[in-house]
Structure formats: structure tokens, C-alpha cells
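A.B. asks: For the protein sequence lines, the chains are S and L, in the order given.
The first sequence finishes on residue 221 if you use the working numbering, and the numbering steps up by one all the way, no holes.
The second sequence finishes on residue 118 if you use the working numbering, and the numbering steps up by one all the way, no holes.
This list has only true hints and no planted wrong ones.
Taking CB as the label site, the calculated pair distances span: (1) S/L189 <-> L/V5: 24 to 32 Å; (2) L/K68 <-> S/G148: 17 to 25 Å; (3) S/G123 <-> L/H87: 44 to 52 Å; (4) L/S56 <-> S/S135: 22 to 30 Å; (5) S/A186 <-> L/Q62: 40 to 48 Å; (6) L/K16 <-> S/D146: 24 to 32 Å.
With the C-beta cut set under 7 Å, the calculated list includes, among others, these residues of chain L facing chain S: (7) S45; (8) L46; (9) I95; (10) G110; (11) Q111; (12) G112.
These are calculated hints, taken from the structure and not from any lab test.
Note that beta-carbon positions come from the ideal geometry of N, C-alpha and C, so glycine has one too.
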Amino acid sequence: KNQVEQSPQSLIILEGKNCTLQCNYTVSPFSNLRWYKQDTGRGPVSLTIMTFSENTKSNGRYTATLDADTKQSSLHITASQLSDSASYICVVSDRGSTLGRLYFGRGTQLTVWP
Amino acid sequence: GAVVSQHPSRVICKSGTSVKIECRSLDFQATTMFWYRQFPKKSLMLMATSNEGSKATYEQGVEKDKFLINHASLTLSTLTVTSAHPEDSSFYICSARSGQTNTEAFFGQGTRLTVV
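Please model the complete structure; the sequences and the hints are all you need to start from.
C.D. replies: Take a look at the structure:
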């Protein structure tokens, strides 16, 4: 069964600190993995997208890693800001169909305190 | 990134009425659009996939007569919740994708539907 599991479910950190969010998946075949940021009451916004051959990708203070062998990904946030408070969703796409179906994790709810 | 506009952002309707939600791709042609439903603190659940000019493909358990999807043009898809009931209250999100498989999918801002 194709699944995407994220941990932790929720996380609270102080402003300025770093944190790492985890994503494990069983989606096969694998096409790409994306991290999205979703603010409360808003649609998800893409942070990074990685294909099988990419190990790491950065977008400002966000750095995503991918280990396609162990089917794990992480999202590292450095020097957190209050505006980083949001749900971070890991999404994996398969290539088993022409539409490349997306599989969503439940998200990690990050809260940054001043 | 590309812009997907969803309207309205919030809507309150009476039980038994129908509500239409629009999803527009503003700067690209969306050959495929997806409609999701999201419950509080839960992940997005795919409801249906629509390709321009053809009937939508609904996920198992989603009533096609209740959630009418129209994708009449390459820039517009609509979701109509017919005869809405309080249990239909939820956050609905669309996403749009262009051209080839596995290209980036961009999400709308979401619509908070409350049925009273």
C-alpha cells in the first residue's frame, strides 16, 4: 500500500532555532517528492521538489534531503521565524499512471514561539 | 511559480442549497485539475481528477452526483456541492497541472465551506 508517514505530528520551537521534519514513504514506483508549506486556512505552497537522482535541494532557509534507497526525506529549517509556523506536508508522486498520482502525508504542525 | 486562483475563499450556505467553487489557472493552461477535501488537522483527500473537456474521475466513496465537477476550459474548473448538508462543511482545495505527467502541481488558496 502506498503511504507517506510524517514525524513528528507536531513540533514547537523557539524563534531562531533550527528543526528537522521527517518523511518516510512506501510509494512505488517513485517519481518525485515534494515538500509543501500550508498556512492555516490556505492552500499548500511548494517549497521543494526532488526527483530520484537528487539528494538535496535548498530554498532559502529550507533544505530538503532525499534518500531514495531508504525511502526517507527530511526538511531542515534553519534560523526559524515566527512566519514559519504552519503545517509542512510531504507529498510523493508515483509514475505508475499517466497522471502521476500524489500521495500526501498528514503533515507536521510547526509552531515557532518568540 | 504559477498562480491558481480559487473562489470564493469562504462561503456559508443553508442546508439544501447548492454551492459552486471555481478554480482558475491564471498564467498557464491546466490540462488536469484536482479537487481535494481537507478535514481539520488531516491531510488532503483527493476527491476527483478532471481533464479538460472530459468527465471527471472520482475517487472511491465520493458521490459524483453530489460533487459535480466541470472542466470546460483549460483555465477553469468548477466544483458544485449540490443539496449541501452540514456534514459537507469542510475545506476544499483545488490544484492544477499543465502538460506532461508529473509536472509541478499548484494549489489554490482553498475554500472554507460551512453549511448551516
